[in-house]
Amino acid sequence: GESVGLHLPTLSVQEGDNSIINCAYSNSASDYFIWYKQESGKGPQFIIDIRSNMDKRQGQRVTVLLNKTVKHLSLQIAATQPGDSAVYFCAETNRDDKIIFGKGTRLHILP
Amino acid sequence: SQTIHQWPATLVQPVGSPLSLECTVEGTSNPNLYWYRQAAGRGLQLLFYSVGIGQISSEVPQNLSASRPQDRQFILSSKKLLLSDSGFYLCAWSPTGQPNQPQHFGDGTRLSIL
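Residue numbers (our numbering), protein chains in the order written: chain A, 1 to 111; chain B, 1001 to 1114.
If you are wondering where the hints come from, they were derived from the structure by calculation, not from laboratory data. All values derive from a computational prediction rather than experimental measurement.
If you anchor each label on the Cβ, the simulated ranges turn out as follows:
id: 1; chain 1: B; residue 1: S1077; chain 2: A; residue 2: S28; range: 34 to 42 Å
id: 2; chain 1: A; residue 1: E15; chain 2: B; residue 2: P1069; range: 44 to 52 Å
id: 3; chain 1: B; residue 1: G1052; chain 2: A; residue 2: A79; range: 38 to 46 Å
id: 4; chain 1: B; residue 1: S1058; chain 2: A; residue 2: N53; range: 28 to 36 Å
id: 5; chain 1: A; residue 1: A29; chain 2: B; residue 2: Q1013; range: 38 to 46 Å
id: 6; chain 1: A; residue 1: Q81; chain 2: B; residue 2: E1022; range: 29 to 37 Å
id: 7; chain 1: A; residue 1: Q81; chain 2: B; residue 2: V1051; range: 32 to 40 Å
id: 8; chain 1: A; residue 1: K42; chain 2: B; residue 2: Q1062; range: 21 to 29 Å
In silico negatives: residues of chain B with every beta carbon more than 12 Å from chain A:
id: 9; residue: S1017
id: 10; residue: Q1073
id: 11; residue: L1083
All C-beta atoms, glycine included, are put in the ideal place defined by N, C-alpha and C.
Can you make the complete structure from the sequences, with help from the hints?
So, in structure tokens, the structure goes:
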């Protein structure tokens, strides 16, 4: 089936280091990808998105990379802070306004 | 700016009781609206979506229903709750007529069925 998934369910990173969260997708027709951050007890919060005509997009402390050849998406967080602790979801869509979410990766920050 | 509100934040209901969760969006017109359910430690499952007043599409067969009585109001209901209806319910909106836009989520309702 067509789905979006994540390689690692939990990622532990030292405070101050960079974090890299990975995601694989299988639908080659997907043309828009989103990363969400979900803190405990809250709804997912939009972080950054990327369209399929791009391979890199940068925001504040975050970078999303898209490799369409291997259907791989990653989120890089620079200088990880305690406030970055959350579950991160990748998501894909292919123009029908329905977003398919991955299962999520929990980012744990070590002091 | 646009905001989305869900209430209540938490709800404890007995099996067999009715349910009504409400979601409203402010600051935009004719949004696409969505209801999701999230099981503990899991991803999001789309339950319903709506592209306009009275227009509801159901994604999975279930004990729940949705209604959109006003442009920016989306309601999730059940006549008789089951234990399996427990979960975290999220409402989301996205701009209509604009492809490749993220959905924006409310802070959810945690529903516990006893």
